[in-house]
Amino acid sequence: MSERIREILGWYESDNPGTLTKLARLLKHGVLGGTGKLVILPVDQGFEHGPGRSFAVNPAAYDPRYHFELAVEAGCSGYAAPLGFLEAGAREFAGEVPLILKLNNHDVLLEERDPSQAITGSVEDAVRLGCVGIGFTIYPGSEHRLEMYGQLRALAEEAKRRGLAVVVWSYPRGSGLSKEGETALDVTAYAAHIAAQLGAHIIKVKLPSAHLEQVAARKVYEKQNVPAGTLAERVRHVVQATFNGRRVVIFSGGAADTDDAVFEQVRAIRDGGGFGSIIGRNSFQRKKPEALRFLKTVIDIYAGAVK
Amino acid sequence: MSERIREILGWYESDNPGTLTKLARLLKHGVLGGTGKLVILPVDQGFEHGPGRSFAVNPAAYDPRYHFELAVEAGCSGYAAPLGFLEAGAREFAGEVPLILKLNNHDVLLEERDPSQAITGSVEDAVRLGCVGIGFTIYPGSEHRLEMYGQLRALAEEAKRRGLAVVVWSYPRGSGLSKEGETALDVTAYAAHIAAQLGAHIIKVKLPSAHLEQVAARKVYEKQNVPAGTLAERVRHVVQATFNGRRVVIFSGGAADTDDAVFEQVRAIRDGGGFGSIIGRNSFQRKKPEALRFLKTVIDIYAGAVK
Amino acid sequence: MSERIREILGWYESDNPGTLTKLARLLKHGVLGGTGKLVILPVDQGFEHGPGRSFAVNPAAYDPRYHFELAVEAGCSGYAAPLGFLEAGAREFAGEVPLILKLNNHDVLLEERDPSQAITGSVEDAVRLGCVGIGFTIYPGSEHRLEMYGQLRALAEEAKRRGLAVVVWSYPRGSGLSKEGETALDVTAYAAHIAAQLGAHIIKVKLPSAHLEQVAARKVYEKQNVPAGTLAERVRHVVQATFNGRRVVIFSGGAADTDDAVFEQVRAIRDGGGFGSIIGRNSFQRKKPEALRFLKTVIDIYAGAVK
Amino acid sequence: MSERIREILGWYESDNPGTLTKLARLLKHGVLGGTGKLVILPVDQGFEHGPGRSFAVNPAAYDPRYHFELAVEAGCSGYAAPLGFLEAGAREFAGEVPLILKLNNHDVLLEERDPSQAITGSVEDAVRLGCVGIGFTIYPGSEHRLEMYGQLRALAEEAKRRGLAVVVWSYPRGSGLSKEGETALDVTAYAAHIAAQLGAHIIKVKLPSAHLEQVAARKVYEKQNVPAGTLAERVRHVVQATFNGRRVVIFSGGAADTDDAVFEQVRAIRDGGGFGSIIGRNSFQRKKPEALRFLKTVIDIYAGAVK
Amino acid sequence: MSERIREILGWYESDNPGTLTKLARLLKHGVLGGTGKLVILPVDQGFEHGPGRSFAVNPAAYDPRYHFELAVEAGCSGYAAPLGFLEAGAREFAGEVPLILKLNNHDVLLEERDPSQAITGSVEDAVRLGCVGIGFTIYPGSEHRLEMYGQLRALAEEAKRRGLAVVVWSYPRGSGLSKEGETALDVTAYAAHIAAQLGAHIIKVKLPSAHLEQVAARKVYEKQNVPAGTLAERVRHVVQATFNGRRVVIFSGGAADTDDAVFEQVRAIRDGGGFGSIIGRNSFQRKKPEALRFLKTVIDIYAGAVK
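Chains as they are written, first to last, in this note's numbering: chain A, 66 to 372; chain B, 66 to 372; chain C, 66 to 372; chain D, 66 to 372; chain E, 66 to 372.
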């Protein structure tokens with residue numbers, strides 16, 4: 066095992082060997098295996114946005130096997146999806162790519178000011194499908210957040226006991242926040258910190274803007290001159306806010322119109338000490354050869370970071 | 066076993082042999098046995114609409130044994146009903162037709178903008194009554210949908226562990242949708258996809274109209290020129306949206322005034338790659354000889370499809 | 066065992082011998098034993114309306130032993146009451162009359178538009194008190210109905226597993242219904258059907274009026290000319306709506322000013338194919354000798370029906 | 066054992082010997098032991114009203130041991146308190162006075178129109194602390210009453226299974242009642258009856274006024290000339306309403322300005338056939354010697370009643 | 066063991082030796098070990114206020130190991146934090162400082178008039194991390210308080226059964242109280258008393274002001290001349306209200322602008338008979354050498370108190 070992986074595993078000192086083994090499988094898999102960087106393919110957009118919106122642009126992606134293949138061929142670190150998608154390929158692709166079962170999901174057939182998610186899978190499901198971990202979304206800022214934290218806590222306790230890793234999507238939204246506030250630097254750092262305090266091994270947040278949402282936080286950020294001018298600085302702050310870099314934090318893109326803009330973001334994640342990317346729509350909403358080229362560039366940027 | 070059944074069972078690769086056996090029993094039963102097509106008789110209208118509205122037109126149908134007989138004589142693939150109706154015939158008709166126990170139900174003695182359903186049966190009930198599977202309704206678009214998804218998830222996990230199949234009625238309704246939107250193409254495809262992601266083996270939706278309900282979806286459908294002009298094309302899209310055809314999707318009729326109109330719909334389901342029909346009121350709300358003739362025609366259309 | 070009892074037990078073909086034994090005990094007990102008719106004494110009015118309103122007119126009835134004695138002396142088929150009343154006599158009167166433990170109750174110290182009931186006993190209580198069955202009230206039409214159906218389902222499953230019978234009081238009320246609608250013919254038939262679908266062995270409803278509440282139902286009733294002119298015809302329709310007479314349906318009185326009016330109702334129940342009466346206030350709200358005379362007349366009417 | 070105690074235990078004919086033993090311990094303890102009368106010391110006012118309001122007038126009462134001593138020295142039948150107070154003395158005073166663990170409590174840091182209570186202890190706690198029984202408050206008239214009845218039912222079932230007695234504080238309040246109605250005769254009798262139906266062995270209510278709250282009840286009370294002119298008559302009615310005297314009903318004081326007024330109330334409880342008093346604030350909100358004198362007078366009045 | 070520790074342990078007479086051992090570990094640890102005084106370091110501010118607001122002023126504090134080190138080096142009695150922070154150091158610092166796992170937490174990404182907290186850890190977590198106890202926050206005055214009391218009760222029962230201590234943060238807030246009322250003397254005493262009644266071993270409240278919030282309480286306090294003029298007198302009242310000093314009550318600071326003001330408060334806690342301090346932000350929101358000096362002064366004040 067590489068020194069870097071050994072170092073990262075050392076941060077999770079309270080976990081049992083079963084869970085450390087699953088984290089190691091994720092960190093040692095794919096092109097970036099051993100570097101301490103991760104690129105994860107998540108495909109829950111069919112549930113979250115609808116199948117047509119998600120896959121009509123690349124109809125091959127309607128087939129659940131497509132995403133296993135994409136993750137394998139691109140050399141991704143892992144593949145995360147809801148129950149149905151994993152059930153439809155977990156046997157055929159057994160052992161080919163680390164799997165993360167998303168245990169809660171949300172659809173957009175009803176819009177709410179304060180969203181929550183439905184529980185859509187169990188730790189038992191993750192075990193029987195051979196997954197390395199469970200995924201769970203929380204919505205800090207929503208009036209349902211306290212219940213969601215409690216659900217995550219219970220599932221995470223069970224997952225850790227059964228030797229699985231815990232991956233948390235921490236997405237601020239709800240009546241406690243302005244639209245701009247959902248990606249504010251202070252809010253993003255806060256959301257990542259909450260996930261870490263709830264026991265997450267790996268945390269996924271959106272790339273933060275330079276906006277500061279909360280008055281009390283803004284005062285401190287300004288007084289202490291928290292560097293926030295560049296995206297890399299903001300990534301660094303989020304990493305710092307997550308146990309001073311002792312938890313794995315990965316990022317999804319903000320609004321990026323072009324591939325080059327995405328690559329620029331990836332460089333900022335790398336330069337800010339982020340641990341990688343989770344890239345959904347930019348991966349499967351184009352033809353596979355193009356997707357493979359795109360993912361190769363992302364992976365190369367991260368690979369370069371460790372040389 | 067026919068090649069086609071073997072192929073369909075192959076799609077459910079994560080299920081245990083117990084569940085595959087039950088799916089095989091359903092797919093191999095009746096006139097269409099072995100063709101991969103299904104015609105299921107569902108009789109929950111007594112609960113859903115009231116006994117008088119459902120059975121006064123054909124009073125023989127007040128007797129729970131009538132529906133077992135109808136399903137057997139017509140050569141249907143299976144018969145689905147709530148607890149009371151199955152308890153009243155499961156011993157007498159043991160082994161004569163695959164049974165699906167509907168585990169939730171709704172009545173119309175109180176109308177709600179955002180409906181839910183009562184839990185009316187258990188997996189344990191399905192086991193003791195010798196059923197091949199459980200049935201469950203979800204209402205995407207209702208503010209109770211997240212709770213319903215969670216209920217389905219828990220029941221489906223138990224059903225699969227105990228070797229049963231999971232059949233989901235996915236009926237969009239509630240404050241998230243316009244009346245027209247309940248059968249919109251994008252919404253129907255979305256509802257079928259959600260059921261598949263929740264782990265359903267067989268999914269029942271209504272026939273979709275050409276309407277597109279959600280703004281973001283409409284943009285994509287129009288940009289990608291998703292074929293939606295004919296009913297067969299719309300069926301094909303729904304099948305595609307359900308794991309690219311790797312889940313069994315069956316349909317109930319839309320508003321059809323005449324038998325010929327129903328048969329036309331069935332041909333569209335067949336031509337669009339749908340897996341069959343679930344036909345309730347058109348079956349039992351007429352005298353039995355007439356019902357048998359009607360069902361024979363439907364079955365013949367599907368049978369022709371595999372020649 | 067009489068042929069008629071054997072026939073009735075045959076309808077409950079999915080139940081285990083334990084439950085059939087309890088049903089047989091009820092059907093074979095008292096003056097009407099073996100006829101297939103039932104007259105049950107229910108005394109939950111102390112809880113439902115208050116002790117003064119219920120018993121001041123006949124103070125002997127404050128004593129819980131009074132009702133056991135009344136049921137025994139009158140030759141009733143069974144006695145149904147809440148936990149406290151049964152605990153206060155179940156040992157002294159062990160084996161003298163079949164007991165039904167009412168598992169939920171409601172008081173009138175707070176009036177609600179959409180009522181529910183409190184769970185006031187358990188299946189375990191019914192077992193330890195030597196009861197033949199459990200009783201449970203549902204309120205179709207109330208916004209709490211779905212939860213009540215779910216509670217009944219769970220309790221009924223446990224009761225059946227443990228060899229008890231399930232008796233359901235199905236009382237339409239709540240914001241889904243007009244006051245007149247609570248006893249409408251279509252609504253009463255619907256309420257009885259729901260109870261049967263939820264797995265009840267014995268169903269108790271109020272005598273239906275000729276009113277038709279629901280627009281969609283009224284259209285069908287009128288088109289199909291469902292006979293509803295006489296009370297006996299309306300009873301017959303409710304019996305038909307309850308699995309075509311293959312579930313035991315009993316009735317409580319509507320508004321009857323005189324004993325003769327009650328007897329007239331009983332004749333209508335008998336003539337309409339109803340299975341008997343459940344008579345509370347008319348039994349215990351008069352002196353015992355008078356009550357015994359009254360109940361004797363009711364029983365005689367039913368007894369005549371089977372000659 | 067005295068004949069009277071044997072008689073009282075006979076009323077609880079469905080209880081197991083474990084519970085009867087605990088009831089016997091309570092009825093045989095203290096100065097009134099064997100008489101069938103009870104004087105219980107309850108001290109939950111620290112939780113219910115705050116420690117300053119409760120104990121500042123007699124600061125020795127801040128110490129939890131004080132109340133054990135007071136109950137022992139006064140020869141009370143038992144001592145009832147919340148978890149913390151009992152934990153703080155149950156070992157030191159083991160075996161010196163029967164203990165009742167109050168399993169729910171309420172504070173006044175937030176006033177509600179429809180109050181409920183928090184669950185603050187368990188049956189397991191009562192067992193480990195050596196208690197003879199559990200205490201539980203219900204609020205008939207509150208919109209939370211149905212849930213409270215259900216909580217009591219579950220706890221009472223467990224308590225009885227584990228050989229404990231069940232003591233219920235039945236306090237009408239909430240939006241279903243006027244302020245005057247909370248102590249109305251009809252409402253008090255109703256509240257006591259509900260507690261008895263829920264399976265309580267001992268019931269505690271407030272002394273009733275002559276007011277009649279509910280229209281339907283008032284009509285019956287007036288028509289049947291229920292005697293209600295004197296306090297003793299009203300006590301007698303409440304006792305009658307509680308299974309015709311076959312459940313132990315005890316009373317707390319109404320508004321009494323002087324000790325003599327309290328003694329007058331006690332004589333009325335005695336003369337009306339009540340089973341005793343539960344006296345909190347009048348006991349511990351004065352210096353101990355004075356409290357002992359006060360309690361001795363109360364006990365003497367009851368003791369005289371059995372000569 | 067010192068006589069004082071033996072005395073304090075004697076107050077918890079109903080606890081098992083496992084729990085007493087954990088209380089002894091806390092009371093015997095650190096500079097104040099054996100004196101009966103406690104200074105606890107709590108670090109949940111990252112969760113409660115956000116990481117930037119909490120740690121930007123002293124970035125070393127982003128690292129979870131920092132707080133273990135601070136608690137160890139300062140000779141604190143214990144260290145309390147949420148799950149994530151303890152998981153990140155419990156192995157490395159095993160046995161170096163008694164740990165308290167905070168089992169519920171709250172964030173400020175949504176402000177509510179009536180706050181609650183999310184359950185963020187379990188008793189099982191506390192056991193596997195080697196903690197001496199669990200921590201739990203209640204909000205007397207919030208409309209969610211009854212549910213919070215019930216959660217605490219259940220967790221405390223489990224903790225005590227498994228040999229852990231129970232530490233309760235009792236923070237009045239919510240629509241039942243004015244802003245000033247949150248730290249009023251009567252309210253603070255009440256909040257501490259509720260925590261004691263719920264079975265807490267150690268109670269943490271804020272330093273009380275001289276304000277009296279509740280009308281009924283104010284009348285008693287004024288009539289009984291409860292001394293409240295100095296902070297030491299108010300501390301003494303809170304200690305008295307908590308089982309007359311037979312439960313350990315510790316305090317967090319009120320608004321103190323300078324270190325000297327804090328020290329003055331500590332002297333008042335000492336002089337009023339309080340058991341110590343819980344000091345978060347004043348500890349970790351400055352550089353470590355300065356924090357150590359600050360904590361040394363606080364500890365010295367308490368140490369002087371026992372000479």
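Hints listed in this document are in silico derivations from the structure and should not be mistaken for laboratory results. There's no promise every hint is true.
Same chains, same label: a pair holds when it works inside one copy or across any pair of copies.
[What the hints assert, rightly or not] Below 27 Å or equal to it, Euclidean Cα-Cα: the simulated DSS-like pairs (lysine-lysine) are:
no.: 1; residue 1: Lys-244; residue 2: Lys-352
no.: 2; residue 1: Lys-361; residue 2: Lys-244
no.: 3; residue 1: Lys-93; residue 2: Lys-288
no.: 4; residue 1: Lys-361; residue 2: Lys-284
no.: 5; residue 1: Lys-284; residue 2: Lys-93
no.: 6; residue 1: Lys-352; residue 2: Lys-288
no.: 7; residue 1: Lys-244; residue 2: Lys-353
no.: 8; residue 1: Lys-284; residue 2: Lys-271
no.: 9; residue 1: Lys-244; residue 2: Lys-93
no.: 10; residue 1: Lys-288; residue 2: Lys-353
no.: 11; residue 1: Lys-352; residue 2: Lys-284
no.: 12; residue 1: Lys-353; residue 2: Lys-284
no.: 13; residue 1: Lys-271; residue 2: Lys-361
no.: 14; residue 1: Lys-284; residue 2: Lys-244
no.: 15; residue 1: Lys-353; residue 2: Lys-271
Since the model is a prediction, treat every value here as computed from it, not as a measurement.
Quick rundown of the hints versus the structure:
For the homomeric pair Lys-244 and Lys-352, neither the shortest alpha-carbon distance inside one copy (32 Å) nor that between copies (36 Å) is at most 27 Å. Taking the shortest alpha-carbon separations for Lys-361 and Lys-244, neither the intra-copy value of 33 Å nor the inter-copy value of 46 Å comes in at or below 27 Å. Proximity of Lys-93 and Lys-288 under a CA criterion of 27 Å is satisfied in neither setting, with 41 Å inside one chain copy and 40 Å between copies. For a Cα distance limit of 27 Å, the shortest separation of Lys-361 from Lys-284 qualifies neither inside one copy, at 41 Å, nor across copies, at 30 Å.
Proximity of Lys-284 and Lys-93 under a CA criterion of 27 Å is satisfied in neither setting, with 42 Å inside one chain copy and 41 Å between copies. Taking identical chains as interchangeable, the C-alpha atoms of Lys-352 and Lys-288 lie at most 27 Å apart only when they sit on different chains, with a minimum of 16 Å there against 48 Å within one chain. Taking identical chains as interchangeable, the C-alpha atoms of Lys-244 and Lys-353 are never at most 27 Å apart, the minima being 34 Å within one chain and 38 Å between chains. In this homomeric assembly, Lys-284 and Lys-271 come within 27 Å of each other (Cα to Cα) both inside a single copy, at 23 Å, and across copies, at 25 Å.
Taking the shortest alpha-carbon separations for Lys-244 and Lys-93, neither the intra-copy value of 37 Å nor the inter-copy value of 51 Å comes in at or below 27 Å. In this assembly of identical chains, Lys-288 and Lys-353 lie within 27 Å of each other by CA distance solely across copies; the values are 20 Å between and 48 Å within a copy. Only between protomers do Lys-352 and Lys-284 lie at most 27 Å apart by alpha-carbon distance; the minimum there is 20 Å, versus 47 Å within a single protomer. In this assembly of identical chains, the alpha carbons of Lys-353 and Lys-284 lie at most 27 Å apart only when taken from different copies (23 Å versus 47 Å within one copy).
Within a single copy, Lys-271 and Lys-361 get their C-alpha atoms as close as 21 Å, which meets the 27 Å cut-off; across copies the closest is 42 Å, which misses it. Proximity of Lys-284 and Lys-244 under a CA criterion of 27 Å is satisfied in both settings, with 20 Å inside one chain copy and 23 Å between copies. Within a single copy, Lys-353 and Lys-271 get their C-alpha atoms as close as 25 Å, which meets the 27 Å cut-off; across copies the closest is 33 Å, which misses it.
The earlier numbered hints that this structure contradicts are 1, 2, 3, 4, 5, 7, 9.
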